[in-house]
Structure formats: C-alpha cells, structure tokens
Amino acid sequence: MTVEIRVQAVKPLRNTFGHIARRFGDKAASRYQEGTYDIQSEVNHHYKPLWDPERDLYDQRRTAVVMKDWYALKDPRQYYYGSWTIARAKQQDAVDRQMEFAEKKELLRSLPEAARKAIVFALVPLRHFEWGANTNLCLVSAYGWGTAVTQAASMATMDRLGMAQHISRLGLLADGNSGESLVQAKHFWTDHSDWQPLRREVENLMACRDWFEVIVAQTLIADSLVYGLFFNQFDSKFSSEHGPGLSTVLDFLTRWHDESNKWVDAVVKPVVAESESNRTQVQAWADHWRIAFLSALSPIAQGIMGPAGRDALAEINTKLGARLVKLGLQDHGAAL
Amino acid sequence: MSVNAIRPGYHGDMKDTIEKFHGNQLINIGWDKHLMYATPVCIPVPPQMPFGALLQQVLPTIYGQHPDFEKIDWSVAIWSLGGEPFTPALDKSIADNGITHKASMRLRTPGLDGLAGVGF
Amino acid sequence: MTTPKAPAKKLSLKENYALLTRDLGWKPSYQTEDALFPAVKFEGIKIHDWDKWEDPFRLTMDAYWKYQGEKERKLYAIIDAFQQNNGQFNVSDARYLQALKLFINGVIGLEYSAHRGFNIVGREFPGVGTRIAAQMQAIDELRHAQTQIHALSHYNKYFAGMAEFPHQFDRTWYLSIPKSFFEDAITSGPFEYIIAICFSFEYVLTNLVFMPWMSGAAYNGDMSTVSFGFSAQSDEARHMTLGIEVIKFLLEQDPANVTIVQGWIDKWFWRGYRLLTLIAAMMDYMLPKRVMSWSEAWDIYFEQNGGALFADLARYGIRMPKHWEVTVKEKGHVSHQLWSTFYQFRHAAGFPVWLPTPEEMDWMSLKYPETFDKYYRPRYEHWAELERQGKPFVNATLPQLCQTCQWPLLFTEADDPTEICYREGSYLGEKFHFCSDGCKDIFSKEPEKFVHAHLPVHQIYQGNYFNAGVNPTAPDFNPLVEALKYMGINPGVDGGDFAGHIDAMNWELWTKRPANMHAPTTPNTAPERKSA
Amino acid sequence: MSHSTQPVFIALQANNDTMPIVEAILADNPHAVAHEYPAMVKIDAPGRLVVKRESVEERLGREFDLRELQINLISLSGSLDETEDEFILQWNAA
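Chains as they are written, first to last, in this note's numbering: chain A, 117 to 452; chain B, 1466 to 1585; chain C, 2 to 533; chain D, 19 to 112.
Chain A on its own, in the form it takes in the complex (with noise of 0.2 Å):
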C-alpha cells in the first residue's frame, strides 16, 4: 500500500506511555510493562465500599506490610494475560497427551486395587487443598494492591483451579471416570482423622483477610509443604513400588509448583528487604503458619507414607527452612 512506503521514515514522537517512561525512561517497553505498571486506580475515589466502610476501594492498608512502591513486585516469568493463557494452553496441550497415553494405556486403572486406592486416599482430596488454595489467591486478587502482584495472583487463582481439576482427572483415570473416586476423596477430607489437622489450617487460612499474610502462608509455607510431601516424597515411594505411571500424570502438577516458586520468591524478597518492620512481619507469619502447617501435616504424612513419613515431612520442611534464608528470614525450624 502506498501509505505504508511514504510513512516509513514517521519517527515516533514518544516510544511508550509517560508512566512506563518515567520508570525505564522513554525506551521501547515490553507488552509485560505496559500491560502491568500503575494501571490500577490509585486515587480520587468515590465511595466507602459497603463491604469494608474503614477503607477505601483500593487501600494499602489491607496488609501490615508497607511497601513504598507494590510494583517492585515483579513476575520473573513477565506473564501478562496473553503470555499466560498461551503459554498454559501449550502445556495443557502436553497434558492432554499425557493424560490420553494414561487412559489409553490404564496407567493407572492397571494398579493393583490397593495402589490406586492409596492414590485415592493420598491425593485426590488435595483436589480440596487447591480449591482452598483457589479462594487464597483470590483474595489476592480481589484486595490486594497494584497490578504487579493482584494479576499474577489473579492468574494463581485460576492455575490452582486447574490443578484442583487436574487432580480430579487423576480420580477419574483411576476410576474409569465413575467419579466414585472423588466422592471417596471428599469424604475423606470431610471425615477422615489423617486429614482433619490439614482441613483445619486450610480453613483457617481461608479466615485470614491479610492479603501478604495469605500469600506467604499459601504460596510459601502451605505449598512448599504439601507439593514436597505429596508430589514429591510419597510420589518417589509410589513409583519405587509401582513404577513411573503415576510420575508421568503428576507431572503438571510438579512442573507448574517449580514454575509458581519463583513468582513466589520474586513477591517475598522485595516485602522482606524493604524493611525491618516488614521482616519481622513477614518472619513471623512464615513461622506461625509452618508450625500450623507442620503438624496439621503430620498424621495424613504417616498415614500415607507410614514411619517414613516423618522423615520425609522433616527433609521438606528443612528445604523450606533454606528457602527462607535465601529470601532474608530465619530458618527457625530447628526450634519449631
């Protein structure tokens, strides 16, 4: 077209919007950076939300943490909307192969009935782990301040769903898709005493309605825990009985945990380097729900894993106790 050649040497008269120029400097910017910095409202607002009359709409004071500007929160994986729902929709398109192979093959409906009944038992219910998991990083979403951590909680929100329906595929391929399974499952989350500690601190936690408070807890402490136990530890023992059928499914779930750790990391840093208030802060948050965790913990480790599994629980428990020194806290898990 004509237009295109004539227009060729237009130089442009600013290269990206005067907010992202005035923290990079007037340079091309990244669709991460223009999608990201500054777009949530953060004055002049109109009216006393009838949910929370002491706060405005959006206010800094839904944590105890302070920060002088939230967007230090930066996502390492730089995922705006687009680069998320596509790079998702890629690995649900590995997941979806791995899974037809699994039902193809009977990865896991070919175990003998007391296997996939400990798979029943061990890890379907986490699919109510997550669902908590869902609602926590919801109110991430909903309250917390600036677009640098609400969008890549908001994303969270919706990865935990899809792990929460992932596990619930896992019931199914072990159920040849009756959904008896999940019943059982739910059952014992409700009921069963090996998984009553950990429904009580999911709960609990659930009740908490600071929203940095929620995202250590979570993300930093109950993840690390449950992820390592479960996907880790009682998987290696699964496969060192059954073989590799189980690691093959599980491998979304371990993936995606190792990919959210350092979103997890890169929002604990900055809150803890900022200040000395916001360190002790955030070091007795992460001590107070690692003790809950720990022990609500304990029985179902056991319960799956037997004698073994208190060794296992200790081992995670001490990388978790490395995890918080690498983010600026002390590891006081030797006391715990």
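Hints listed in this document are in silico derivations from the structure and should not be mistaken for laboratory results.
You can trust all of the hints, since none of them are fake.
With a straight-line Cα cutoff of 25 Å, these simulated SDA-like cross-link-like pairs (lysine to any residue) come out:
no., chain 1, residue 1, chain 2, residue 2
1, B, 1536, C, 392
2, B, 1485, C, 425
3, A, 127, C, 81
Use these hints to put chains B, C and D onto chain A, whose structure you have.
Leaving out everything else, chains B, C and D in the frame of chain A:
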C-alpha cells in the same frame, strides 16, 4: 430508604460542605431557553457578595457571549431558587437573600427565548 | 470402586464439568461459614442452595486455556502486523483517532475495575460454580484491559492525548463519569455488583458498545481496535450469559429476592444508560465513516433485544427497568446534547473537538428526522459562523454536575428539548442536584453512599486539583490551568479545536491525506494554528 | 414449554473460519436472517436459533467442537443451552 452495609453506622463523608470552600459558597446558575450554554454553571462566590454584583460583574463574564444577554431587561427577569419563585434584593448579599450553599438558581428572561426558536 | 475390567465410561460435557467442578467446596467445620464468607449476607439476598447455579458454558480450565490461548494468538498476530505496517496511518482520518483517546483513557480503567470487582465476587460467594464463573470473568476482564493497552500502544507513539491514561482515569473531570459508575458497582455488595455488571450493564447494554462501535472501527480501517473489540466481545458473550443465569438463579432461590433485584435493575440500567451517552456521542460524531446512529442502535439493542429479555423475565415478576420510556424519548437528543457540551468545553478536554461538516449534518438529518434539523443544526451553524468570524464560542465556566452520574446537567426534559432537566434534593441540610429522575431516585435510596462522591468541579473549587510541587498560594497560581495539568491534560495541546491540533497537522504531514475526510480544506483555513 | 417469538441472535466475526458456520446456521434455521456489517455477521431469528455440530462438520469437513464457536463469537441474545451436539438460543416466554 437507607443503605445496607456490612455493619451498622455506614456513612460516607459529606464531601462538599461549605467549610471546605475557603470562605466561599457554591451557587449553580442556569439561564432557561439558552442552550448555547449547554449546562447550568457552578461558581464559588463570597456569601457577602451583593446580589447586584452577581448580576453586574459575574453574569456578564458567564453569559456575555450570547446575543440576548445585552438585551436583558433586568426589571422583568424572573428568578427561581430551588424551583420556587424568588425575587432577589439587589442590595442584599447572597446569604441575606437566602441563597444557601449549592443552591440552584434559574433565570428566565421573558421575550428573550434564545436563537432559532428552540431555546438555543 | 468400579472394576478395572469395564471400559472407562465416556463423559459428556455436562458430566465432565460437574465432576471436575462440583463438590470442590465443602462445609467448613473449623471456621464458621460467616468467617469464611463475611460479605454475602448484608444485602438481604437469600440463597438456599448454591448448587442450583448452572453455568451454561461449563468451561473447565483446560478448555479455557485452549480457546483463550488461541484467541490471544490470533489477536496478537493482528496487532503485530498492524504495527509493522504502520496501520495507524491507514484509518479513515485523524478525527477517528480522537475517539480512541476516549477508549484508552476511559474504557481501559473500566475493564480493569471489572477485573478487580469480579475478583471480589470470585472470593466472596460461597458457591463453587458461581465463584468459578466470576473468577473466569475476572481474568477475562484483565485480558480486555491489557489487549486494549497493547492494541492502542502503537497509536500513543504518534498521537497526543493517550500517554497518561491511568493518570487521566483517576483525575480527568469527564472520566469521573465512568470511574464513579464502576466504583459504585465495586463498592456495593457482591450480589449487587454481579447484577449491575453482568446483567444490567453487559447483558442489556454492552452490545451497544461493542457491536455497532467495533463494526464502526472496522469500517474506519482500524483493524487493531476491531480485533481487540470483537475478541473481547466473544468473552462478553460468555459474561452476558452469566448475567442472565445469575438473575434467574437469584429469582428462583427466594421470592424475597425479587424486589431487591428489581431495585438493582432499575438503578443499574439507569446508571449504565447515562454512562453510554459517551458512546452515543462517539458513534454519531467521532466515527468519520458511520455504521448506524445511536438512535438506531438503541432501537435494535435495547428496545428490541432488551424488550425480549424482559418479556422472558416477566414470569419471575420482573418488569422493564424504571424510566426506560425516558431513554426512548431521549434517543434523538443525547448524542447531540453531549457533543454540544464537549464542544463548548473543548479547551478543558483531553482531545480536540470539531463541529460536524455540512455532509455529516445531512447524515444526521437523515438519521434524526424528528430532532436534528429542528434543535441541533441551528446550533452548529451558529457556532460555525462564529468560527468563521474568528470569534469561536467557548464556555469558560465550570458546569453544574449531577451528584449521581456526574455528567454536567446537559440533558433536557424528556418532553421538552428546550428545557434543561433539573432535579434537586436535600439531605442532612445540604442540597444535591441531579440530571434526571433516574439519578435522583438512585441518590435517594442510598444518600449515605452518594454524599461521598468525588465531584471534580467541587474539588477544583476546594483547591484540591493541582500537582505536587505547585504552590497554590503563589500570586500567579491559576487554579484552572493547574487543574488541567493535574487532570493529565496538556493545556493548549491536548484539547481545543481540531483544526490546527497537533494530531491534525501531523496527520496531513505524514499521510498527505486530509485530517478530516469530510472537509478536506478546513485545516488550512482554520483561523489560528498552533505549531506542531 | 411455550414457544416465544421474541428475537434472539448470534453475531460472529466475518472471516474464513465462520463462513461454514454461518451457512450451517442458515440451513438449519430457515426462519433466520443474516445481516452483514463491517467485519461482522449477525443472524437474527424470532424465538429460537440452533447451531448444530453435525451441520458445521459437514461443511467444514472435520470434527468441530461447539466450544470452538467461542473463538469467533461476538455476541448473542437469548437463553443458552449448550450440549455436545447443539448450541441453542431461545426465549422461554411468549
């Protein structure tokens, strides 16, 4: 009717009370049948300002561009205040005329009904 | 457990969705329901069984990612191609760009607000299916905000008035209209929010925004905008369906819900209708090539489709929204009344404004046979004459605002287009003003909420609108100029007359095509010109 | 269930992918009328509109999941019921 909130006692701040205007009060003025001014205007004025000064000093700066403005015969102009008929005393202040903060006044100018026969 | 010998059962879409979704939640016993879901009771809505909720689309996350991922791949491929080909110079003319400024400064903030509002609903509802639907909508709305930013990003590099969109959304006087609309919704309880946005706004009203407007964008050669618009609208189709399911769910759960829901429909229909006045003006005045008039769009998308919807809801005891008749009476007027308002306050706008050309006025005469020639053509001809004489008309005084919708009182009485509609009320000894009975009704139901509205005109007079570092006690402090700067408007550059505006001049320089396709010569005969 | 004659519609992006879908809809709904707008085709019908998977597949020459409609859907009106085989828009009241 009243609002339903999560706790009793919900109430927004009164955002525009008079003490926030640094000694002024707001008045709203509209000139009927003169839609060249597409909306009534809102201005801050000292409550002590005589009504006559509003007419002579303020209104020309607002409405002076309309060809009808210079033809107004103020002796027949009709005012209303808050929807009620109102006869201002020119030598009295805005306040003494009973024009309170955020009052809405409308001016009618009989015989002058804007341009094009449609109140423009 | 089923014997492994039998072949695995084949699951239907419905069964699959039910198995993967239902029952994820559980009845808490270590905490009370009230502790986990504290915001779900105060509105007075009664829900007896959350499981009665039906999600018609039954999307599981795997399918969500698959279809949304594909949409995003397609959309970004178009945006990339648009940028590589300098598509910003292929739109009909430089006036079209001004409409995009309203989009970037006004609509992106709404999409973002919708995102956050649905996150709240997605957290606060106890029912699993309802929460998932809200969460999906929440992240869809993030998509809309971001795809709009990305689609418009390239325009910002070449044209004025787009670079400060988040700043403007929070501060510009006319953007307090969309901002207050959405903040009213989010600060309401979760049930009211979902009725306000999913039903009253999206189901009843957004077709007006996206269908004729986006089709108009295509007609004006803007492939980038039409792509995000239609792509966003495909999500909206899901959301609208959610809207109608929500309303049926609430109405079926308890007869006591009907009155509450009707009240919200009345409120949010009127709130949304007033907001869409902006779209009315954009459709009739800002699309150089027009697809249909506001009046036609209102007829198709509200009177016909809305009529069908409310006929369907009549069995629950729901009637048409209060004051809907007024909207029909106003449909021949609102776009013209708003454009007249923008024209006279153009010095304080973030975009330049123009008078319609004779050719465009003929189109309006055709589309508005009852109203245009009688009421509106004379104004434009008068103002055009003043421009020719070098004495362009400007309204230098700030307008009186409606306490509810925050528009200036620019609307006339439904039965008399020569009289401004004034409504007044008083509360706690203070006077409040409204543009209509609809807006007065809304205030009167919740005065405790609406007294807190942030009205820009009043804020300016309180001396609150100036940037950090400016001394309001300095002798040369000009509150109106400082207020414009505070609003993110560059005085003398962003607003004013289209002829001589920097966008118009650069357009002609860069494309060698007229900045106004309907008046190829006017830019050169404009009375005054600013340097580019 | 009483049959309504209130209007329902479905609007799709006008492109290569949707041509066979539009054809299928018009074939299956003889009472429907297609209106073409820039970049959009809107199909109106009194009372009821159905998109049938089989009819789309026939014209497309491949398997079609009705959820693929999402990709090119612009808007719709009416109460929706979706199954594997049919995507139905209708009003219930007269």
